[in-house]
Amino acid sequence: MGKFISRAKRTLMLPAFALVIFLSGCADLVVLDPQGPVAESQAELITFSIIMMLGIVAVVFVLFTYMLVKFRYRPEKEGNDNYDPTHHGNNKLEVIWTVIPLIIVTVLSIPTVTTIFELENPPEVSADTEPLVVHATTANYKWFFSYPEENIETVNYLHIPTDRAIEFKLSSADSMTALWIPALGGQKYNMAGMENTLYLQADNEGEYAGRNANYNGSGFAGHTFEVIAQNEDDYNAWVTEVQESAPELTEEAYVEMLTPGLAANSEYSSTHLDYVDHGTNEGREYIVDQHGGELGEKLHLQGGREIWDE
Amino acid sequence: MEAFLDFFFGEFLVTGQPLIYGAMVSIALGSITVIAVLTYFKAWGWLWREYITSVDHKKIGIMYIIAAIVMFVRGGIDAMMMRIQTSLPGMTFLDSQHYNEIFTTHGTIMIIFMAMPFLIGLMNFAVPLQIGARDVAFPFFNNLSFWSFAFGLALFNISFIIGGSPDAGWTNYAPMAGAELNPGPAINYYLLGLQLSGIGTLGTGINFIVTILKMRAPGITMMRLPIFTWSTLITALIIVFAFPILTVALALMTLDRIFGAKLFTLAGEGMPMMWANLFWLWGHPEVYIVILPAFGIFSEVISTFARKQLFGYKAMVYAMVIIALLSFLVWVHHFFTMGAGGGVNSFFSITTMLIAVPTGVKIFNWLGTMYRGRITFETPMLWALAFIPNFVIGGVTGVMLAMAAADYQYHNTYFLVAHFHYVLIAGTVFGCFSGLIFWYPKMFGHKLNEKLGKIFFWLFMIGFNVCFLPMYFLGFAGMPRRTYTIEPEWMPLSLTATAGAFMMAAGFAVFVYSIYYSFRYAERETQGDSWGVGRTLDWATATPIPFYNFATLPEFDSKDAYVGMKDKGETTYDKSKVEEIHMPSNSGLPFFMMLALFIASFGLVWEWFWMAIPGLIMFFIVMGIRSFDYNEGFHVSTKEIHEIEQAARGEDSK
Amino acid sequence: MSAHTEATTGPMEYRTQEGRMNILGFWIFLGAEIALFATIFATYAVMIGRTADAPPPQELFSLPITLLMTFLLLTSSFTCGIAINEMRRGSKNGLLLWMGMTLVLGLGFLGLEIYEFEHLVHEGASISSAAYWSAFFTLTGTHGLHVTVGLGWGILLLIQLYQRGITPRTASKFFIFGLYWHFLDVVWIFVYTVVYLLGMVG
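Residue numbers (UniProt numbering), protein chains in the order written: chain Y, 1 to 310; chain B, 1 to 654; chain C, 1 to 202.
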């Protein structure tokens with residue numbers, strides 16, 4: 001039995017041990033390293049909940065270990081081992097361990113609810129500037145970012161200014177997808193025939209990974225994009241450059257890109273919103289009207305990113 | 001002819017993947033072996049009479065469990081393939097489409113064809129025994145339920161060699177799974193396979209409610225029911241109200257795909273999110289369908305091997321009732337990111353977190369059961385004990401996921417994957433293992449080898465943590481679920497997870513070996529109370545259990561019925577009280593009824609109405625035959641009962 | 001487990017343990033049916049207004065036909081009640097007559113429903129026209145399918161009654177059939193109100 005206890009201890013040590021290794025070894029935990037106010041309020045909520053939960057885990061593990069050590073059967077101690085086969089309850093204790101979880105749930109609910117409502121609006125820190133509106137549309141493993149005011153569109157990457165809220169208008173031409181830039185904040189779904197709004201903001205310049213987080217078929221792993229956060233001047237220079245040098249996005253070219261497949265980054269000096277907005281009821285059937293029977297094609301991607309890029 | 005061959009090799013059989021050819025060959029070899037063995041031992045008649053047509057709840061339970069273990073292997077192989085593919089960046093073991101098919105079948109099989117039948121098998125075996133009944137309320141329908149499940153399982157599983165596996169995830173979201181974006185038979189297999197097996201699940205639910213309400217032995221009042229029986233009753237109630245929702249959802253998508261309806265489509269103003277709502281309106285209660293019976297098993301096992309009454313019996317029952325009610329009020333937490341607005345998300349955040357309260361009460365009550373006990377560490381107890389800390393990790397991360405604002409970051413990531421494996425493996429799978437090993441001697445007349453059982457336990461349990469703990473961190477590192485290839489920065493954690501998966505597989509292999517080893521070498525059981533510390537009526541029967549379960553029963557006046565019997569020196573064989581016993585007859589009709597539905601469903605999968613319609617007609621004909629079947633069962637004479645009971649108790653029958 | 005301990009008083013369908021369990025089991029099954037229809041109603045409610053290019057229901061629904069359908073089904077529920085009453089009195093012929101009448105009325109309902117469906121399809125509203133119409137045909141069709149199954153079942157029971165007379169077994173079967181039939185009637189009242197009356201208001 002002693003062997004069991006030492007094994008049990010080792011088992012209980014395992015999670016703690018593993019935690020230390022992972023945190024030191026591969027600490028690239030992007031969700032806990034926020035680069036903007038939205039991700040920051042989420043990271044705060046997450047950290048708060050982790051601390052609370054570790055507390056609960058600690059209490060249960062201590063009690064559990066105590067019960068195992070104290071009440072394991074030792075034949076030699078029979079008679080004075082406090083054994084009571086008819087012991088079956090204690091109202092006071094049961095009330096306590098009902099009320100305490102209720103209190104914990106209440107304590108967790110308050111910041112949860114306030115954060116939920118807070119995230120429905122642009123971050124307060126940039127309340128004095130108008131958010132930049134970007135339509136983010138997905139279609140068969142590609143991302144289309146349309147800037148209606150600037151009248152430009154990019155495929156599979158986007159530039160954003162720092163310290164200004166971005167108002168993403170999310171929609172999809174086909175399957176349900178989700179826009180997720182973990183460094184800047186949590187996701188929301190893109191759906192056909194309706195429009196979701198997601199506010200994100202970058203405080204620091206840099207390149208961030210973005211992706212579709214909601215499984216949508218055979219090209220899902222390649223359904224990613226890059227976010228380039230720049231200061232306002234650099235951003236404006238980029239916009240001007242695209243406006244002046246990029247070609248227009250013709251409807252034929254756009255329709256062609258709607259079929260299943262990955263695509264290289266590209267940019268245009270007009271947006272597809274001119275002919276279709278998949279986020280409206282009128283736009284929801286567009287892809288079916290255009291491509292009918294060709295949408296069932298399956299991609300057979302092999303290996304990793306470096307291979308698809310070729 | 002040429003057109004036919006084109007179709008046969010082009011669309012009907014899945015071709016072009018070496019792994020699939022390998023699977024085809026092994027399936028062919030496996031089938032030939034089984035057929036050869038059965039023929040050699042002239043076992044076909046035996047199989048038909050003793051199992052396929054059996055209405056005996058014990059045999060039906062065993063059939064469920066065997067099917068579940070086979071599916072555990074299939075789902076486990078899927079899992080291993082996924083872990084290999086995601087162990088290193090740039091792996092080319094599977095392509096994206098193949099990977100998608102594999103995680104889809106892994107999820108569907110593990111929930112629908114492994115976890116549920118495993119638990120239903122244990123319920124079938126143990127519940128009638130625990131309440132002192134001779135069988136379930138509707139033995140014929142019990143057999144029908146089994147065959148509905150078995151044919152549903154067959155339909156779902158043949159997809160990977162005939163026509164192609166479904167590839168839209170076990171959640172099968174529209175419009176991705178609709179005919180516009182995903183034509184062909186693959187998704188139809190999902191829809192009809194689940195539909196077919198769902199009939200059986202609903203049947204089981206109704207059967208167990210009536211059994212538990214109406215067939216309890218005298219003196220076993222509701223508040224004296226063994227806790228596993230309580231968990232079964234509550235599970236059955238959830239099934240009755242949740243499964244019709246799945247039935248409707250599947251039927252609606254079938255209408256979309258096969259009959260051109262526009263419910264979840266892009267065209268015709270369909271509403272794809274309605275699928276997500278219906279799916280999770282069933283899907284969340286489904287989670288509790290597979291966890292509550294496991295809770296019941298843990299309660300039985302912990303109280304048995306702590307040699308004590310269960311702590312807080314009433315609280316345990318009420319906690320399960322509250323969990324069952326709340327399970328219907330939390331479905332939106334599966335898609336907080338749908339943009340339903342702050343009010344909706346806040347409401348569902350709070351209802352979800354509230355589930356932690358009754359669950360917490362249960363955890364503390366299990367700890368309370370251990371308090372002042374005499375705990376020994378037989379293998380069923382090891383699984384039950386390991387459940388507590390591991391499940392708590394899964395539970396607290398569930399609370400974290402329930403916080404909608406934070407969930408925007410966890411949603412559809414490996415954090416979620418880690419969470420639900422922590423609750424489903426540490427809860428359901430540990431529970432299945434615990435229960436199977438616990439009742440194994442009553443099922444097969446010998447225990448599983450304890451030493452091999454302990455090796456199995458430690459390998460599997462440690463491997464489980466090595467596999468899934470890193471996944472929480474992969475979630476924080478931004479890794480989405482269902483991606484077939486990994487980014488280089490996720491490699492250390494992902495590789496660790498794969499190593500853990502191999503440990504689990506090794507552990508399971510030891511378990512399979514222990515079945516063989518114990519069959520050959522284990523000591524045969526000579527008395528009914530296999531572990532010597534049984535508390536409920538299942539342990540009061542002789543081993544092997546007579547087919548009618550109990551010759552006689554005393555009047556009970558407390559919980560833990562068998563403890564009371566032992567105190568008073570009573571048995572299930574009181575010579576003076578033996579009377580004739582009425583038992584139901586076996587029937588082959590359920591098998592044919594479900595075979596007919598299988599044919600009809602297979603026809604529908606391929607949209608072959610020439611096949612589907614005759615199949616349906618055949619089904620209704622067999623139903624009609626059943627309606628005219630006035631078989632009243634048979635009577636077991638007192639003489640035969642005396643003989644059986646005395647033989648089982650090693651007494652001379654003179 | 002004690003099917004042979006038969007009571008000698010009380011309604012015949014409740015006299016055996018098996019009879020009692022069958023009836024309880026069927027009540028629970030009806031609970032599941034309520035969940036089933038509730039889900040279809042919910043889907044229907046969500047799809048209201050989503051008619052795309054197809055004609056809206058206000059233009060197509062015909063009050064006289066659906067009113068007649070309602071009348072037939074409500075009457076059949078009434079005759080079904082009388083039939084069970086005749087069964088309790090032990091009158092085999094009464095049961096045959098009234099149950100036969102129930103089935104004829106049910107058949108009339110079904111005939112009208114098929115006629116109505118045909119009319120709708122003719123006007124350009126089929127299951128594949130738009131989300132609303134898919135939901136409409138699913139809801140009314142599921143109810144219609146239940147009535148059809150009920151008709152087949154009822155005929156089989158009448159044959160058994162003719163062969164065996166009123167016994168605890170047949171009585172239990174008829175009683176359960178009665179539950180089913182009344183249930184379909186209740187569902188139809190909801191269908192009529194939610195689909196037709198509200199649909200015509202618009």
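Please keep in mind that the hints were generated in silico from the structure rather than gathered at the bench.
Beta carbons are placed, not taken as given, at the ideal position from N, Cα and C, and that holds for glycine.
There could be a bad hint or two in this list.
Said to hold, decoys possible - Straight-line Cα separation of at most 25 Å, DSS-like style, residue types lysine-lysine; simulated pairs: (1) B:575 with B:314; (2) B:577 with B:559; (3) B:362 with B:314; (4) B:42 with Y:70; (5) B:362 with B:639; (6) C:173 with B:214; (7) B:214 with B:577; (8) Y:70 with B:454; (9) B:314 with Y:92; (10) Y:92 with B:559; (11) B:362 with Y:92; (12) B:559 with B:639; (13) B:559 with B:454; (14) B:566 with B:577.
As the list claims (entries may be wrong) - Non-contacting residues of chain B with respect to chain C, defined by C-beta distances greater than 12 Å in every case (computed): (15) 137; (16) 526; (17) 620; (18) 627.
Verification of the supplied hints:
no. : hint             : in the structure
1   : B:575 with B:314 : violated, 36 Å
2   : B:577 with B:559 : holds, 23 Å
3   : B:362 with B:314 : holds, 11 Å
4   : B:42 with Y:70   : violated, 56 Å
5   : B:362 with B:639 : violated, 47 Å
6   : C:173 with B:214 : holds, 19 Å
7   : B:214 with B:577 : holds, 22 Å
8   : Y:70 with B:454  : holds, 22 Å
9   : B:314 with Y:92  : holds, 14 Å
10  : Y:92 with B:559  : holds, 22 Å
11  : B:362 with Y:92  : holds, 15 Å
12  : B:559 with B:639 : violated, 32 Å
13  : B:559 with B:454 : violated, 31 Å
14  : B:566 with B:577 : holds, 18 Å
15  : 137              : violated, 5 Å
16  : 526              : holds, 27 Å
17  : 620              : violated, 7 Å
18  : 627              : violated, 5 Å
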